[in-house]
Amino acid sequence: MILLQCVNLTKSFGVEPILTNIKFEIQSKQRIALVGRNGAGKSTLLRIIAGQMSYDSGDIMIPKDVKLGYLAQDTGLESNLSIWDEMLSVFAELQRKERTLRRLEEQMSNPENDDYEKILKEYDQLQVNFKDEGGYQYEADIRSVLAGLNFANFDYDTKISTLSGGQKTRLALGKLLLTKPDLLILDEPTNHLDIATLSWLEQYLSNYPGAVLIVSHDRYFLDKVVDHVYELSRTKATKFKGNYSDYLEENALRYDQELKQFEKQQEEIAKLEDFVRRNIARASTTKRAQSRRRTLERMERLDRPQGSEKSANFTFDIEKQTGNEVLKVQALSGGYDNVALFKEITFQLNRGESVALIGPNGIGKSTMLKMITKELQPLSGSITYGSNVAIGYYDQEQAKLTSNKQVIHELWDEYPLVQEKDIRTVLGNFLFSGDDVLKIVSDLSGGEKARLALAKLMLKKANFLILDEPTNHLDLDSKEVLESALIDYPGTILFVSHDRYFLNRMATRIIELSQQNITNYLGDYDYYLHKKDEARQLHELANEEQAHKEEPKKDKQNFHMDKEAKRKERQRLRRIEEIEATVDQMETEVAEWEQALCEPSVYEDHEKSAQLQQQIDSHNETIEQLLTEWEELQE
Numbered sequence: 001m002i003l004l005q006c007v008n009l010t011k012s013f014g015v016e017p018i019l020t021n022i023k024f025e026i027q028s029k030q031r032i033a034l035v036g037r038n039g040a041g042k043s044t045l046l047r048i049i050a051g052q053m054s055y056d057s058g059d060i061m062i063p064k065d066v067k068l069g070y071l072a073q074d075t076g077l078e079s080n081l082s083i084w085d086e087m088l089s090v091f092a093e094l095q096r097k098e099r100t101l102r103r104l105e106e107q108m109s110n111p112e113n114d115d116y117e118k119i120l121k122e123y124d125q126l127q128v129n130f131k132d133e134g135g136y137q138y139e140a141d142i143r144s145v146l147a148g149l150n151f152a153n154f155d156y157d158t159k160i161s162t163l164s165g166g167q168k169t170r171l172a173l174g175k176l177l178l179t180k181p182d183l184l185i186l187d188e189p190t191n192h193l194d195i196a197t198l199s200w201l202e203q204y205l206s207n208y209p210g211a212v213l214i215v216s217h218d219r220y221f222l223d224k225v226v227d228h229v230y231e232l233s234r235t236k237a238t239k240f241k242g243n244y245s246d247y248l249e250e251n252a253l254r255y256d257q258e259l260k261q262f263e264k265q266q267e268e269i270a271k272l273e274d275f276v277r278r279n280i281a282r283a284s285t286t287k288r289a290q291s292r293r294r295t296l297e298r299m300e301r302l303d304r305p306q307g308s309e310k311s312a313n314f315t316f317d318i319e320k321q322t323g324n325e326v327l328k329v330q331a332l333s334g335g336y337d338n339v340a341l342f343k344e345i346t347f348q349l350n351r352g353e354s355v356a357l358i359g360p361n362g363i364g365k366s367t368m369l370k371m372i373t374k375e376l377q378p379l380s381g382s383i384t385y386g387s388n389v390a391i392g393y394y395d396q397e398q399a400k401l402t403s404n405k406q407v408i409h410e411l412w413d414e415y416p417l418v419q420e421k422d423i424r425t426v427l428g429n430f431l432f433s434g435d436d437v438l439k440i441v442s443d444l445s446g447g448e449k450a451r452l453a454l455a456k457l458m459l460k461k462a463n464f465l466i467l468d469e470p471t472n473h474l475d476l477d478s479k480e481v482l483e484s485a486l487i488d489y490p491g492t493i494l495f496v497s498h499d500r501y502f503l504n505r506m507a508t509r510i511i512e513l514s515q516q517n518i519t520n521y522l523g524d525y526d527y528y529l530h531k532k533d534e535a536r537q538l539h540e541l542a543n544e545e546q547a548h549k550e551e552p553k554k555d556k557q558n559f560h561m562d563k564e565a566k567r568k569e570r571q572r573l574r575r576i577e578e579i580e581a582t583v584d585q586m587e588t589e590v591a592e593w594e595q596a597l598c599e600p601s602v603y604e605d606h607e608k609s610a611q612l613q614q615q616i617d618s619h620n621e622t623i624e625q626l627l628t629e630w631e632e633l634q635e
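Residue numbering for the sequence shown follows UniProt numbering, starting at 1 and increasing by one per position.
To be clear, the hints were calculated from the coordinates, so they are not data collected in a lab. None of the hints are false.
Computed list of lysine-lysine pairs in BS3-like fashion (alpha-carbon distance at most 30 Å, straight line):
no., residue 1, residue 2
1, Lys343, Lys328
2, Lys320, Lys421
3, Lys224, Lys236
4, Lys260, Lys239
5, Lys320, Lys449
6, Lys449, Lys439
7, Lys264, Lys239
8, Lys131, Lys175
9, Lys370, Lys461
10, Lys456, Lys439
11, Lys64, Lys236
12, Lys29, Lys64
13, Lys159, Lys180
14, Lys479, Lys236
15, Lys439, Lys479
16, Lys439, Lys460
17, Lys461, Lys374
18, Lys370, Lys168
19, Lys64, Lys131
20, Lys224, Lys241
21, Lys421, Lys479
22, Lys168, Lys343
23, Lys405, Lys370
24, Lys118, Lys131
Make a model of the complete structure from these sequences and hints.
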């Protein structure tokens with residue numbers, strides 16, 4: 001079933017076209033990635049499809065019964081409700097049906113009700129609908145999504161208004177996932193997600209019953225989730241089948257084929273034109289030349305394939321090399337307001353290493369980087385730098401890029417001795433060309449600020465780079481350029497990233513941070529995953545071995561327990577026999593004494609009769625006690 005079609009969709013901002021004759025189609029259960037450079041129009045197209053932006057011409061066709069769900073980039077959930085109540089609001093209709101079911105149940109408790117059969121029928125139908133719509137599992141769905149988005153340890157009564165921006169963004173994503181629309185439209189959903197949460201989201205979307213349309217710059221994520229790719233380039237959309245890696249391979253193959261076809265046609269055109277030029281004037285060959293000319297006129301000429309758009313082009317260099325020991329962190333504890341995020345952390349960096357610092361959100365990775373760069377003071381511990389260390393720091397928030405300066409002056413004021421033409425050349429390498437250098441810094445997009453921050457970092461020529469989420473806001477092509485530049489960098493790198501592809505290409509060592517310690521993995525991200533899986537398997541094996549060791553003990557315990565139970569059972573049976581024998585004997589004695597009481601010689605002797613009656617009463621009391629014990633033993 002076709003859920004959405006875009007036919008010849010066109011959108012311009014002023015005189016600048018953003019989208020031109022876009023043809024786009026989404027079918028049931030498809031997972032589609034929309035890729036392209038920053039500024040290519042990806043978010044614009046998503047907003048148009050979601051009905052949040054107008055378009056100039058063309059058509060968008062969506063069946064009436066198809067429900068769309070859209071999450072814009074970095075959308076935070078603004079609410080005065082608690083986490084639980086806000087998630088629960090998604091299921092308001094199911095809650096209404098649940099209340100109706102309870103009301104009907106109360107009415108059904110009275111079978112004499114005149115409308116009993118009608119109530120029963122209504123209840124049966126409503127209960128079936130309630131079950132089919134997930135009425136008995138929506139609370140479990142809420143808990144599952146909140147746990148997957150790293151809220152498992154949160155108090156669900158926490159007010160959303162008290163949460164951080166990243167937490168609000170994750171909750172906005174969670175609320176949208178719970179609505180389960182037919183077409184889920186996600187613009188950069190992987191922002192603010194740590195690696196564990198990313199893995200959960202990949203699994204969730206892979207099993208999602210509807211269709212998914214995603215804009216993301218996370219290559220691992222796209223490879224895991226999508227089965228079709230639309231590339232937006234030069235205002236046009238081109239469709240590719242497969243995941244992101246398949247798209248890259250197919251795109252390169254198409255370019256080679258189109259280039260060969262173009263070059264072959266150019267050779268043919270050159271030969272035909274040469275033949276016409278040499279033979280048109282000769283009477284003997286003019287007809288043949290005219291035929292060739294008509295062939296040229298009828299020929300549909302191919303355009304040279306444009307290939308990839310212009311990429312950023314930069315390298316990182318250093319002025320002076322450090323000693324072998326670059327950084328030494330000893331017993332470092334860090335946090336805010338005397339509340340430690342991590343404690344007693346110790347590690348060392350040597351020259352030439354590229355070390356990734358990883359861990360869950362909120363563990364203090366960015367805090368540690370800011371302590372190393374002296375922007376924050378540690379709670380305790382020490383940080384020692386090696387000889388000749390010059391630090392270059394990239395802040396994930398680009399917090400310092402908020403000035404009202406023009407782009408060119410933001411860079412030039414920091415490096416006033418560099419000539420203007422060289423400043424412009426550097427900015428051009430980072431895709432700031434022409435009037436782009438005159439843009440106001442505070443008006444730049446996230447991707448433009450990221451490129452400007454990298455330009456400043458490049459000019460610093462530091463020999464120790466500290467990078468906090470350097471790939472955030474960069475498009476896929478810019479990420480690859482950054483990776484290549486950092487791989488060739490002759491200095492030392494310490495970085496934080498949730499981009500698993502970037503981690504795999506860049507890291508020579510991975511440090512996993514927890515509250516109490518760190519764990520070193522001497523390899524890339526794939527090696528880290530392998531060692532984590534190996535540790536998990538060893539842990540499971542140790543648990544199995546421990547279980548096997550405990551089995552003989554349990555068997556021995558069970559043997560002793562069985563032996564004790566059998567001994568007690570034998571005692572019970574023996575006691576029952578003893579009681580039955582004693583009761584029989586005592587009842588016989590009571591009968592004999594009662595018979596004696598009937599004899600004149602006895603009942604006329606008041607002393608003797610009183611003695612016998614006392615014996616009879618005593619025996620009867622004992623018999624009663626024994627029979628009570630006998631009943632308990634029988635039970």
